[in-house]
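Can you make the complete structure from the sequences, with help from the hints?
Protein sequences, first through last, are from chains L and H. Okay, so the first sequence: first residue is 1 according to the numbering used here, each after it adds one. Okay, so the second sequence: first residue is 1 according to the numbering used here, each after it adds one.
Derived by calculation from the structure, the hints in this document are not laboratory data. One or more of the hints may lead you astray.
To be verified - Lysine-lysine pairs mimicking BS3-like chemistry, simulated, CA-CA at most 25 Å apart:
#, chain 1, residue 1, chain 2, residue 2
1, L, Lys69, H, Lys85
2, H, Lys60, L, Lys90
3, L, Lys69, H, Lys89
4, L, Lys47, H, Lys60
5, L, Lys62, H, Lys85
6, H, Lys59, L, Lys7
7, H, Lys59, L, Lys47
8, L, Lys140, L, Lys179
Unchecked claim - A partial selection of chain H residues facing chain L, derived with a Cβ cut-off under 10 Å:
#, residue
9, Ser15
10, Leu19
11, Met39
12, Lys60
13, Gln71
Heads up, the beta-carbon is just placed ideally off N, CA and C, and yes, glycines get one too.
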Amino acid sequence: MNSHTYKNISDSDLLEHFYHDRNNQWLGILLQRYTMLLLGVCMKYLKNEEEAKDSVQQVFLKAITELQKYRVDYFKSWLYMIARNHCLMKLRDRQGKIPKELHDNMPLEASETDMKGLAEKDNMLSLMEASLDDLSEEQKTCVILFYLQKKSYQEITEITGFTLMKVKSHIQNGKRNLKILVEKKLKQA
Amino acid sequence: MAGTENILSNDEMMSNEQLLNYLQGNLAAEELHEVEKQMADSAFVNDAVEGLQNFSSNKKLEEYVAQLNTQLSQQLSTRKQQKEKRKIKDLHWPLVAVVIILLLCFIAYVIIRMYQHNW
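Take a look at the structure:
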């Protein structure tokens with residue numbers, strides 16, 4: 001089966017096809033979509049090209065085995081979780097403990113659907129504009145520069161003088177806080 | 001404020017080409033923003049890009065991806081063959097059992113008929 005032929009089929013549809021006829025080739029198409037991303041994730045944590053490559057293979061194996069056992073709804077987040085856990089285990093074996101840098105608070109995609117739903121609501125835009133002012137000055141600046149003025153990470157670091165890590169963190173936390181603020185205001189309305 | 005709706009919306013997954021071009025710094029401003037927006041929206045994409053930036057060369061990275069994809073396809077087709085073999089193997093014993101049961105039924109029928117004749 002050629003992956004390009006199935007470019008327009010969503011992940012969940014591919015999974016549905018697999019659950020319907022149990023043909024492993026559907027899993028092949030699905031997993032191949034994430035090979036490069038998985039390689040990147042494993043490389044980020046393991047910092048070794050060969051080890052990262054081996055880990056992706058093991059993640060594939062684990063994913064195939066698990067998908068045959070139970071149904072998965074949020075495939076992308078689930079696969080990321082498997083890869084991250086695998087790398088954490090490897091690091092634990094290697095160092096005897098988990099390094100601090102892995103305890104990040106970046107959001108998983110499980111909440112993406114809610115956000116999409118939120119974005120469609122009529123009064124969202126005015127609520128978001130109002131909520132932007134409630135963010136901290138740094139977060140507000142980074143969110144506006146990134147989402148509204150479509151500046152790149154690099155440009156934002158130059159404009160604000162923040163480090164790249166700080167810029168990323170302000171954007172991610174700003175977005176998360178904005179979502180919380182909007183949800184709060186929606187409940188009050 | 002124009003563009004506010006972009007903040008909480010999420011776009012489709014990017015392609016490998018787009019990712020490689022981002023790593024090489026070959027993307028136009030708009031596409032570059034799309035990639036970074038996905039990084040901001042998804043910890044998976046963010047971690048991946050940060051890891052991919054650590055590869056010694058993009059050529060090597062592409063080679064690894066190609067190798068992994070080939071191995072995955074091979075693995076899945078071997079699994080399929082094994083599954084089919086197992087299916088035939090699994091079918092073997094129930095088939096033998098059915099034949100034995102049918103044979104026993106036939107023998108029982110013949111014996112009963114013979115007794116009836118003798119009476």
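Violated hints - listed by number, lowest first: Of the numbered hints given earlier, the structure breaks none, since each of them holds.
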